[in-house]
Structure formats: C-alpha cells, structure tokens
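Chemist: Let the hints inform the model, and build the full structure from the sequences given.
Residues per chain, in single letters:
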Amino acid sequence: MNPLDPALSLFAPLSVALIALACAVAILRSAFAMALSLGAFGLMAATALLALGAPDLAFAAALLGGVAALLFLATGLLTRPAAPIGRLRLSSLAAIGALGAALLFATPSLPAFGDRDSPANSGAGRLYINRSAQEIGAANAFTAVQAGYRAFDGFGQAAALFAAAAAAFALLGAGERGIAARNRLPVAPDSEEAG
Amino acid sequence: MSPPRPVFLKIAGKLFTPIMALAAFYVLLAGGAVPGGGLAAGLILALAIMLYGLVFGLDAAREALPLRALQAAASAGLLFYLALGAIGLLQGQAFLDYQALSKNPGLHGQRLGVAAAQFSLALAVAGACGVIFYCFVGRAPALELNFAVSDDDPPTSGRDA
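From first to last, the protein sequence lines are chains A and B. Just so we're aligned, residue 1 is where the first sequence starts under our numbering, counting upward by one. Just so we're aligned, residue 1 is where the second sequence starts under our numbering, counting upward by one.
No wet-lab data here; the hints were simulated from the structure. The C-beta atom is built at its ideal place from N, Cα and C for all residues, glycine as well. Certain hints may be false.
As the list claims (entries may be wrong) - For each label pair, taking beta carbons as the anchor points, the in silico distance ranges come out as:
hint, chain 1, residue 1, chain 2, residue 2, range
1, B, Leu15, A, Ala24, 28 to 34 Å
2, A, Thr107, B, Pro105, 44 to 50 Å
3, A, Arg89, B, Tyr26, 42 to 48 Å
4, B, Pro66, A, Arg116, 51 to 57 Å
5, B, Leu15, A, Asp153, 33 to 39 Å
6, A, Cys23, B, Pro105, 54 to 60 Å
7, A, Gly125, B, Phe25, 27 to 33 Å
8, B, Ala76, A, Ala124, 28 to 34 Å
9, B, Pro4, A, Gly86, 28 to 34 Å
10, B, Leu15, A, Ala101, 42 to 48 Å
11, A, Pro6, B, Pro4, 43 to 49 Å
12, B, Ala21, A, Gly97, 40 to 46 Å
13, A, Ala101, B, Pro105, 50 to 56 Å
Claimed, not checked - Short, incomplete list of chain B residues facing chain A, as computed with Cβ under 10 Å:
hint, residue
14, Ala30
15, Gly37
16, Ala40
17, Ala46
18, Leu54
19, Gln71
20, Leu78
21, Leu82
22, Gly85
23, Ala117
24, Leu121
25, Val125
26, Ala128
27, Val137
28, Gly138
Stated by the list, open to error - Just a few of them, taken from the derived set where beta-carbon distance is under 7 Å, the chain A residues facing chain B:
hint, residue
29, Asp56
30, Phe59
31, Ala60
32, Gly66
33, Val67
34, Ala139
35, Asn140
36, Thr143
37, Gly148
38, Phe152
39, Phe155
40, Leu161
Modeler: Pasting the structure below:
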C-alpha cells in the first residue's frame, strides 16, 4: 500500500468521528438513539476500513453493523425496559478508560501500517498474495484466503453462528411456544408477562 | 394483521426487500472477483428478512418465510460445509481439501470448492441471523413500535421485580 494514498489521509478524521460516535453511544440514554448511533458507528468503521484499503472487511463491517443495529432497534423498540437506563457510572468509565489506556500503551509496539516485513505480511500473508491466483484461481485474494486456505475458519464461523441461533431459539423460543405466549397476552403495550 | 407503519416505511420495505435479496445473490456470485462473498451475501439476505419483519410485522414475515425454512437453511448450510470437508477426508486427504472434488489436476476442484464453501456459508449465515431475529422479535407481546424508551419512562410492573 502506497503510504501517500490520498484515501489514507481520511483515516484521522474518521477515527475522530468513530470516537465521537462511541462516546455518543455511552452517553445517550434513549435505546432508539443508542441503536442508531451504533449503526452509524458500524458504517463509520466500514468507511475507516475502506480508507485503509480493506474493501472486503469494510463490506463485512458495514453489514454486521447494520445487522447489529437492526437487532438492537428491534429489541429496543418492541420491548419495554424493565427499568430506565441508568446513568453512566464512574466505575465503568474508569474500567473502560483503563482498557483504552492499555490498548494505547500497546499500540506503538505494533508494526507500522503497510510494513512489508511485519509478521503478518512477510509470512503466510505474502504466500497467500503471491500464490492464491495460481493455487485457488480466485481473482480476489481475500476470497481465496477466506474460502480456500482458511476454509476451516469459515466453517468455524458458520458453526458459531449456528450455535448462537440454536441458543436464541432454545432460550427465547420463536416456535409455537412463542406464538402461544403472544396470543395469550393482551395486546396493550403496557402488558407484561405474568410470572 | 399488519402493524400500523408510516407510508414511507412500507414503500421502503416493499422496494428494498427484493432488491436486497437480489443483491445478496450478486454479491455471492461475484465474490471471487470483487469484494463480497458468502458472509456478506448471507448478511444482506438476513438484513432483507429483518427489514421485511420490522416493516410488515413478524406474522407477515413468518408467512412469507417460515421459521422452519430459516432453521432448515441454517442447518443445511452447516451440514453442506461439513460434507464439503468430508469429501476430502473420505478420499484420504485433508479436511476441506478441494483438490479431492475433481479428477482434473488444474484449478477446477479449487474453484468448485471455493464456490461451494461460499454458498454454504451464505446459507448458514442468513438462516442463523434470521432465526435469531425471529426469536428476539417473537418475544414482544405485540409488534408495536415503542419509541418512548427514555428516562422519563417509568418502569412498568417489573418483569424482574
């Protein structure tokens, strides 16, 4: 990646926007606004990845952000909170701050962006880039890695999502049980589950 | 019974659901050459299902695409992926070794394997995300948008109390 790439200069303002959106999610007290900010955060993260020259990751990040935001919107808008969303606690703020400081402390020891000799780029990464066209035959090296060389990880991805769906179904039950529960309950928005 | 929704939301839902479903197939098929692939295709399809469910209600979504179909898609995607890996294993090669898919020593087997893996990943992702959405939304007593979620909202007779 050319370090003088004009898209890279977008990364700094995008990072500032990312931090601002993250703070908005933490500070806002409305589930609707939080879900929307989370969706905006996902899209902004996708744009930042695009500026770094990773369109495949940007695509996946935008879609995952959209799925997450829609799920939060659905649960936030379709249910009523059992208790109002509490204020931002000082202890959680301190914990997040400590985590952020630790990450910032570790950042300088990472290899420089686009470093040809970094472990990720010089080992298997370079191998994949140089040989994927001949060995897998996909023009997009990312696809060759995801579905070819690291297909086992893709399998793990599918299995993890399947486990999540099975857990959601086992715990929440969208089958006949869920329909029966919905039909039994009065439709008034104030109604709550009994027992 | 469709829940009351603003007209623009209904039009957006009617307009975007088929376009998104079509886009998912494009992203799946073009994933070998341009950004995209199985995960992205599955997520787009799941987003189309969610959009339809949020706009027209869970009952309409379940009528158009039953829960059982989504469960079948999630399971079939995972099983198809497993079978794809088992083909290599049964021929005495590594798990998910696509060279076992074709007698041709060229790239034919690899291309076939990558396409099949993308397809099964898309199926598994779309099915699993759809099932999760149905489960989450199915818990709501009624599909009514409730925008009054704020500090001023007193807790109703507590589920946790």
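Chemist: Could you run down the list of hints and mark each one as holding or not?
Modeler: So, going through the hints one by one against the coordinates:
| no. | hint | result |
| --- | --- | --- |
| 1 | B:Leu15 / A:Ala24: 28 to 34 Å | holds, 30 Å |
| 2 | A:Thr107 / B:Pro105: 44 to 50 Å | holds, 47 Å |
| 3 | A:Arg89 / B:Tyr26: 42 to 48 Å | holds, 46 Å |
| 4 | B:Pro66 / A:Arg116: 51 to 57 Å | holds, 52 Å |
| 5 | B:Leu15 / A:Asp153: 33 to 39 Å | holds, 36 Å |
| 6 | A:Cys23 / B:Pro105: 54 to 60 Å | holds, 57 Å |
| 7 | A:Gly125 / B:Phe25: 27 to 33 Å | holds, 31 Å |
| 8 | B:Ala76 / A:Ala124: 28 to 34 Å | holds, 32 Å |
| 9 | B:Pro4 / A:Gly86: 28 to 34 Å | holds, 32 Å |
| 10 | B:Leu15 / A:Ala101: 42 to 48 Å | holds, 47 Å |
| 11 | A:Pro6 / B:Pro4: 43 to 49 Å | holds, 48 Å |
| 12 | B:Ala21 / A:Gly97: 40 to 46 Å | holds, 44 Å |
| 13 | A:Ala101 / B:Pro105: 50 to 56 Å | holds, 55 Å |
| 14 | Ala30 | holds, 9 Å |
| 15 | Gly37 | holds, 5 Å |
| 16 | Ala40 | holds, 5 Å |
| 17 | Ala46 | holds, 6 Å |
| 18 | Leu54 | holds, 6 Å |
| 19 | Gln71 | holds, 8 Å |
| 20 | Leu78 | holds, 5 Å |
| 21 | Leu82 | holds, 7 Å |
| 22 | Gly85 | holds, 7 Å |
| 23 | Ala117 | holds, 4 Å |
| 24 | Leu121 | holds, 5 Å |
| 25 | Val125 | holds, 6 Å |
| 26 | Ala128 | holds, 4 Å |
| 27 | Val137 | holds, 5 Å |
| 28 | Gly138 | holds, 4 Å |
| 29 | Asp56 | holds, 5 Å |
| 30 | Phe59 | holds, 5 Å |
| 31 | Ala60 | holds, 6 Å |
| 32 | Gly66 | holds, 6 Å |
| 33 | Val67 | holds, 6 Å |
| 34 | Ala139 | holds, 4 Å |
| 35 | Asn140 | holds, 6 Å |
| 36 | Thr143 | holds, 5 Å |
| 37 | Gly148 | holds, 5 Å |
| 38 | Phe152 | holds, 6 Å |
| 39 | Phe155 | holds, 5 Å |
| 40 | Leu161 | holds, 4 Å |
In this structure, none of the earlier numbered hints is contradicted; all agree with it.
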